[in-house]
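**Q** Here are the chains, one letter per residue:
Protein chains: 2
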Amino acid sequence: MKEPYSRERDSLHDMPLEEFRQAGYQLIDWIVEHFGHIDEVPVLPAVEPGEIKRMLPQEPPPEGEAMEKILGDIDRVILPGITHWNHPRFFAYFSITGSGPGILGELLSAALNVNGMLWKTSPAATELEQVVLDWFRQMLGLPKEFWGIIYDTASVSSLHAIAAAREQLKAYNVREKGLAGNKELPPLRLYTSEQAHSSIEKAAITLGIGLEGVRKIPVDAEFRMIPELLQKAIQEDRQAGWQPFCVVATVGTTSTTSIDPVPEIAQICRKEDLWLHVDAAYGGTAAVVPEMRQVLAGCEEADSLVVNPHKWLFVPIDLSAFYTRKPEVLKQAFSLVAEYLRTDADSQVENLMDYGIQLGRRFRALKLWFVLRYFGQDGIMKRIRYHLNLAKKLADWIDRHPNFRRMAPTPFSTICFRAEPPGVTDRETLNRFNETLLEKINARRKVFLSHTKLRGDYVIRVAIGNLRTSERHLEEAWELIQEKYTETLKEFSLAAGS
Amino acid sequence: MKEPYSRERDSLHDMPLEEFRQAGYQLIDWIVEHFGHIDEVPVLPAVEPGEIKRMLPQEPPPEGEAMEKILGDIDRVILPGITHWNHPRFFAYFSITGSGPGILGELLSAALNVNGMLWKTSPAATELEQVVLDWFRQMLGLPKEFWGIIYDTASVSSLHAIAAAREQLKAYNVREKGLAGNKELPPLRLYTSEQAHSSIEKAAITLGIGLEGVRKIPVDAEFRMIPELLQKAIQEDRQAGWQPFCVVATVGTTSTTSIDPVPEIAQICRKEDLWLHVDAAYGGTAAVVPEMRQVLAGCEEADSLVVNPHKWLFVPIDLSAFYTRKPEVLKQAFSLVAEYLRTDADSQVENLMDYGIQLGRRFRALKLWFVLRYFGQDGIMKRIRYHLNLAKKLADWIDRHPNFRRMAPTPFSTICFRAEPPGVTDRETLNRFNETLLEKINARRKVFLSHTKLRGDYVIRVAIGNLRTSERHLEEAWELIQEKYTETLKEFSLAAGS
Numbered sequence: 001m002k003e004p005y006s007r008e009r010d011s012l013h014d015m016p017l018e019e020f021r022q023a024g025y026q027l028i029d030w031i032v033e034h035f036g037h038i039d040e041v042p043v044l045p046a047v048e049p050g051e052i053k054r055m056l057p058q059e060p061p062p063e064g065e066a067m068e069k070i071l072g073d074i075d076r077v078i079l080p081g082i083t084h085w086n087h088p089r090f091f092a093y094f095s096i097t098g099s100g101p102g103i104l105g106e107l108l109s110a111a112l113n114v115n116g117m118l119w120k121t122s123p124a125a126t127e128l129e130q131v132v133l134d135w136f137r138q139m140l141g142l143p144k145e146f147w148g149i150i151y152d153t154a155s156v157s158s159l160h161a162i163a164a165a166r167e168q169l170k171a172y173n174v175r176e177k178g179l180a181g182n183k184e185l186p187p188l189r190l191y192t193s194e195q196a197h198s199s200i201e202k203a204a205i206t207l208g209i210g211l212e213g214v215r216k217i218p219v220d221a222e223f224r225m226i227p228e229l230l231q232k233a234i235q236e237d238r239q240a241g242w243q244p245f246c247v248v249a250t251v252g253t254t255s256t257t258s259i260d261p262v263p264e265i266a267q268i269c270r271k272e273d274l275w276l277h278v279d280a281a282y283g284g285t286a287a288v289v290p291e292m293r294q295v296l297a298g299c300e301e302a303d304s305l306v307v308n309p310h311k312w313l314f315v316p317i318d319l320s321a322f323y324t325r326k327p328e329v330l331k332q333a334f335s336l337v338a339e340y341l342r343t344d345a346d347s348q349v350e351n352l353m354d355y356g357i358q359l360g361r362r363f364r365a366l367k368l369w370f371v372l373r374y375f376g377q378d379g380i381m382k383r384i385r386y387h388l389n390l391a392k393k394l395a396d397w398i399d400r401h402p403n404f405r406r407m408a409p410t411p412f413s414t415i416c417f418r419a420e421p422p423g424v425t426d427r428e429t430l431n432r433f434n435e436t437l438l439e440k441i442n443a444r445r446k447v448f449l450s451h452t453k454l455r456g457d458y459v460i461r462v463a464i465g466n467l468r469t470s471e472r473h474l475e476e477a478w479e480l481i482q483e484k485y486t487e488t489l490k491e492f493s494l495a496a497g498s
Numbered sequence: 001m002k003e004p005y006s007r008e009r010d011s012l013h014d015m016p017l018e019e020f021r022q023a024g025y026q027l028i029d030w031i032v033e034h035f036g037h038i039d040e041v042p043v044l045p046a047v048e049p050g051e052i053k054r055m056l057p058q059e060p061p062p063e064g065e066a067m068e069k070i071l072g073d074i075d076r077v078i079l080p081g082i083t084h085w086n087h088p089r090f091f092a093y094f095s096i097t098g099s100g101p102g103i104l105g106e107l108l109s110a111a112l113n114v115n116g117m118l119w120k121t122s123p124a125a126t127e128l129e130q131v132v133l134d135w136f137r138q139m140l141g142l143p144k145e146f147w148g149i150i151y152d153t154a155s156v157s158s159l160h161a162i163a164a165a166r167e168q169l170k171a172y173n174v175r176e177k178g179l180a181g182n183k184e185l186p187p188l189r190l191y192t193s194e195q196a197h198s199s200i201e202k203a204a205i206t207l208g209i210g211l212e213g214v215r216k217i218p219v220d221a222e223f224r225m226i227p228e229l230l231q232k233a234i235q236e237d238r239q240a241g242w243q244p245f246c247v248v249a250t251v252g253t254t255s256t257t258s259i260d261p262v263p264e265i266a267q268i269c270r271k272e273d274l275w276l277h278v279d280a281a282y283g284g285t286a287a288v289v290p291e292m293r294q295v296l297a298g299c300e301e302a303d304s305l306v307v308n309p310h311k312w313l314f315v316p317i318d319l320s321a322f323y324t325r326k327p328e329v330l331k332q333a334f335s336l337v338a339e340y341l342r343t344d345a346d347s348q349v350e351n352l353m354d355y356g357i358q359l360g361r362r363f364r365a366l367k368l369w370f371v372l373r374y375f376g377q378d379g380i381m382k383r384i385r386y387h388l389n390l391a392k393k394l395a396d397w398i399d400r401h402p403n404f405r406r407m408a409p410t411p412f413s414t415i416c417f418r419a420e421p422p423g424v425t426d427r428e429t430l431n432r433f434n435e436t437l438l439e440k441i442n443a444r445r446k447v448f449l450s451h452t453k454l455r456g457d458y459v460i461r462v463a464i465g466n467l468r469t470s471e472r473h474l475e476e477a478w479e480l481i482q483e484k485y486t487e488t489l490k491e492f493s494l495a496a497g498s
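Those sequence lines, one after another, are chains Y and B. Per our numbering, residue 1 is the first one in the first sequence, and the count goes up by one each step. Per our numbering, residue 1 is the first one in the second sequence, and the count goes up by one each step.
If you are wondering where the hints come from, they were derived from the structure by calculation, not from laboratory data. A portion of the hints provided could be inaccurate.
[Unchecked claim] Residues from chain Y shown here face chain B by an in silico Cβ test under 10 Å; the list is partial:
id: 1; residue: GLU19
id: 2; residue: PRO49
id: 3; residue: GLU51
id: 4; residue: ILE74
id: 5; residue: ASP134
id: 6; residue: SER198
id: 7; residue: ALA204
id: 8; residue: GLY213
id: 9; residue: LEU341
id: 10; residue: GLU428
id: 11; residue: ARG468
[Claimed, not checked] Restricting the straight-line Cα-Cα distance to at most 30 Å, the calculated cross-link-like pairs of lysine-lysine (DSS-like) are:
id: 12; chain 1: Y; residue 1: LYS53; chain 2: B; residue 2: LYS216
id: 13; chain 1: Y; residue 1: LYS271; chain 2: Y; residue 2: LYS170
id: 14; chain 1: Y; residue 1: LYS453; chain 2: Y; residue 2: LYS392
id: 15; chain 1: B; residue 1: LYS183; chain 2: B; residue 2: LYS271
id: 16; chain 1: B; residue 1: LYS271; chain 2: Y; residue 2: LYS177
id: 17; chain 1: B; residue 1: LYS232; chain 2: Y; residue 2: LYS183
id: 18; chain 1: B; residue 1: LYS216; chain 2: Y; residue 2: LYS170
id: 19; chain 1: B; residue 1: LYS326; chain 2: B; residue 2: LYS170
id: 20; chain 1: Y; residue 1: LYS177; chain 2: B; residue 2: LYS183
id: 21; chain 1: B; residue 1: LYS144; chain 2: B; residue 2: LYS331
id: 22; chain 1: Y; residue 1: LYS170; chain 2: B; residue 2: LYS177
We treat Cβ as the ideally placed atom computed from N, Cα and C, and that holds for glycine.
Full structure from sequences and hints, please.
**A** Rendered as structure tokens:
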């Protein structure tokens with residue numbers, strides 16, 4: 001048996017295999033050690049801007065270095081500048097997990113290093129992607145007609161959804177003519193709520209719709225799109241010479257995780273013949289739990305939907321699952337088969353490059369496969385339920401405290417609240433108070449919380465979703481919040497009593 | 001010391017750490033074993049469409065499974081469907097490498113699982129990205145003003161370049177007004193050669209330019225854009241009411257790796273006030289070798305340029321390095337800062353989410369850092385030179401063989417050739433002959449070559465770029481090519497003698 005790659009380090013080939021094995025073990029051990037003590041590690045780094053940069057040489061290394069030295073620099077150079085997203089007390093933005101099985105899936109994917117652009121360039125990459133996305137579709141209770149594909153991020157998934165909506169406008173013939181050349185046709189408009197994610201507007205910029213082509217529909221007291229106002233906006237726009245073409249509803253908005261009334265919105269889209277895309281990047285995963293299934297009510301009528309397993313399904317970033325009942329529209333928009341990409345299998349298979357902007361497609365399905373199999377449906381449900389229960393606990397602690405108030409409903413595992421010191425009713429002061437409070441909490445570097453603004457009110461967010469988080473971590477966070485509340489009271493020269 | 005994560009498998013948290021360690025070692029061992037014997041593994045799989053799918057359950061696993069069983073299924077279910085891009089005899093498309101240090105970098109990135117969207121969400125992710133891209137810039141000999149950012153693929157890098165070119169057209173105000181609303185303004189046109197990559201057209205579709213907005217400039221006998229024809233096309237288009245806005249030149253086209261005359265094209269762009277983007281996704285890396293530096297001649301004048309370290313710099317996919325002298329235009333197009341993304345550091349730092357479509361940004365810089373340090377500039381140069389020399393060898397073998405002919409110059413490590421059996425001059429027959437020859441070669445599954453068409457001629461391509469490839473592998477490929485040539489002669493009832 002030849003083993004041509006196990007030889008000594010040479011100047012022509014890859015790292016010798018025994019060196020790879022040793023370095024691999026060393027890095028696996030490092031990861032185990034890191035997670036084993038992550039509880040004691042500050043979730044936020046203490047570095048100033050430019051500090052990490054200054055620890056690095058300004059010029060590329062002229063000669064190769066030992067892997068041991070490079071791995072040693074993780075502790076010296078990298079860790080001091082890491083905000084630990086994989087930490088039990090990371091409660092900012094949306095809390096995510098790079099889980100054990102997910103990390104191993106990513107390792108395998110890097111080793112195989114296939115580009116799944118065509119079926120032929122690794123049949124397993126295409127077919128495993130089809131199968132695991134269908135598993136996940138079943139877990140979410142979505143209809144059989146929903147065809148799935150993996151993109152990198154929800155930003156890119158939603159971009160593809162809106163591109164498909166645009167492509168569907170036959171009169172425009174956007175693929176061939178573009179938008180600038182279609183002078184007789186009206187400008188395009190898409191609708192989404194005031195609470196929608198910024199990626200929808202970025203997609204509109206990218207696709208040549210422009211920010212003026214995005215009409216934001218007001219929300220109700222619970223931050224949900226108001227369908228009557230959507231209906232009214234569409235009518236107004238048609239009369240004013242716009243061409244409505246797409247509605248983006250959200251299941252789990254970024255600020256408050258509110259859920260747009262998708263059944264009503266779907267009805268309007270059907271009537272008005274508009275593409276309905278649902279951004280369920282965070283919230284969609286909750287539907288794996290039967291008692292939460294209703295968060296996706298109405299989504300069976302959508303034209304497309306995105307859920308991100310790298311958000312709340314324990315898969316390392318990036319992996320965004322995109323579903324549509326109209327893959328042929330995506331293909332019509334994006335299929336461009338250069339001669340050098342033709343294969344003998346093309347007539348019998350699905351080549352996933354035909355459905356998107358990116359030609360390169362790494363083997364992301366592996367890590368989702370590892371995660372779904374390792375935890376199983378049952379294990380995933382238990383973990384999602386646990387996060388939902390933790391959120392209920394914190395919501396309850398806040399509700400029972402006289403000086404804190406929840407600022408939005410908590411349909412998932414993200415809590416929006418603020419402190420309301422006795423006697424302070426002025427918005428400006430309340431905002432400054434809460435901003436200061438959050439700064440003090442995060443400055444301790446023990447927990448990381450983020451914020452948002454709701455109707456002008458500064459609001460603190462606690463997002464729960466990391467697999468390492470236990471009730472104890474939440475208690476620690478709640479204690480710290482109260483401690484820093486007291487400090488902030490002093491700073492604002494306010495009395496503690498209610 | 002608390003070790004809350006080392007306990008037994010439970011239903012609420014991640015994989016226990018000791019289990020992770022064992023599975024991690026097992027997977028590292030698997031990778032070592034896999035690479036140790038990859039020479040004996042067929043580079044192409046033998047499966048029929050649907051075969052991998054049929055080996056997988058149709059429904060998601062109800063209960064969790066043991067990691068050992070999951071890892072065992074790599075050999076049973078995944079490998080039979082893998083086209084081995086990380087194989088010494090993979091010569092198709094562009095040959096790439098997921099190298100040892102690159103694989104370890106990806107492993108670390110999955111474990112940390114940070115989202116580098118903001119400086120604050122992991123300062124090291126932003127600053128390491130800035131530093132390693134500047135190292136790589138120096139290695140390529142690009143000017144200091146070139147600012148760098150990592151995107152996933154060259155498709156997305158070029159999309160951003162063309163979006164910036166579009167944004168630069170002040171009169172259009174594309175960000176706000178989109179393209180459909182700009183009725184008084186002429187339609188947009190971008191220029192690229194007939195040999196440009198399909199991603200340029202996909203970007204034009206995406207951005208609302210449309211395929212009609214892409215004018216393909218003819219190439220010379222060596223497949224390079226003809227600057228005089230570019231100049232003429234721009235003039236014609238201006239007269240006909242188009243608005244020229246962007247030229248995409250290529251350094252290393254996909255079919256033949258031809259190099260557009262960038263200095264002349266840059267001059268035209270300057271005169272005509274057009275954004276010049278250079279797609280050097282594959283070819284750019286060669287510039288790390290001093291004697292190849294001239295392949296980027298003229299690129300110092302470009303507005304933007306893309307080189308993919310995941311192509312010929314031994315970094316696992318995906319990692320595309322994008323440089324521009326005008327990052328502010330990208331930011332103007334794409335910066336959209338939702339309240340929940342504001343941080344106290346914003347005024348002092350670069351938040352990389354401001355420069356692109358995707359909000360989520362995984363920590364890709366780590367693997368590039370590992371690769372540059374482990375191999376060093378010197379080690380990278382030696383390896384690139386080795387690939388260039390291997391290509392010269394094969395070119396020489398072909399040139400000396402009476403029945404084979406190179407069909408394009410070989411400026412890098414990719415060779416285009418065809419068989420020309422004695423007495424056969426009819427194009428149709430030559431095409432069928434070479435198509436059959438390639439089918440026979442690949443059917444053996446020992447090497448994987450791909451093809452293209454050049455001016456109607458069917459051409460076989462051999463791309464060299466995997467770190468595991470030695471001269472011996474190339475010899476094996478050349479022997480096989482000749483053996484299958486003889487078989488094809490028989491099939492076509494042609495005589496062997498010349």
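**Q** Indicate, hint by hint, whether the structure satisfies it.
**A** Taking the hints in turn, this is what the structure says about them:
{"no.": "1", "hint": "GLU19", "in the structure": "holds (7 Å)"}
{"no.": "2", "hint": "PRO49", "in the structure": "holds (5 Å)"}
{"no.": "3", "hint": "GLU51", "in the structure": "holds (7 Å)"}
{"no.": "4", "hint": "ILE74", "in the structure": "holds (7 Å)"}
{"no.": "5", "hint": "ASP134", "in the structure": "holds (8 Å)"}
{"no.": "6", "hint": "SER198", "in the structure": "holds (5 Å)"}
{"no.": "7", "hint": "ALA204", "in the structure": "holds (7 Å)"}
{"no.": "8", "hint": "GLY213", "in the structure": "holds (5 Å)"}
{"no.": "9", "hint": "LEU341", "in the structure": "holds (7 Å)"}
{"no.": "10", "hint": "GLU428", "in the structure": "violated (16 Å)"}
{"no.": "11", "hint": "ARG468", "in the structure": "holds (6 Å)"}
{"no.": "12", "hint": "LYS53/Y with LYS216/B", "in the structure": "violated (43 Å)"}
{"no.": "13", "hint": "LYS271/Y with LYS170/Y", "in the structure": "holds (18 Å)"}
{"no.": "14", "hint": "LYS453/Y with LYS392/Y", "in the structure": "holds (22 Å)"}
{"no.": "15", "hint": "LYS183/B with LYS271/B", "in the structure": "holds (27 Å)"}
{"no.": "16", "hint": "LYS271/B with LYS177/Y", "in the structure": "holds (27 Å)"}
{"no.": "17", "hint": "LYS232/B with LYS183/Y", "in the structure": "holds (26 Å)"}
{"no.": "18", "hint": "LYS216/B with LYS170/Y", "in the structure": "holds (25 Å)"}
{"no.": "19", "hint": "LYS326/B with LYS170/B", "in the structure": "holds (15 Å)"}
{"no.": "20", "hint": "LYS177/Y with LYS183/B", "in the structure": "holds (14 Å)"}
{"no.": "21", "hint": "LYS144/B with LYS331/B", "in the structure": "holds (19 Å)"}
{"no.": "22", "hint": "LYS170/Y with LYS177/B", "in the structure": "holds (22 Å)"}
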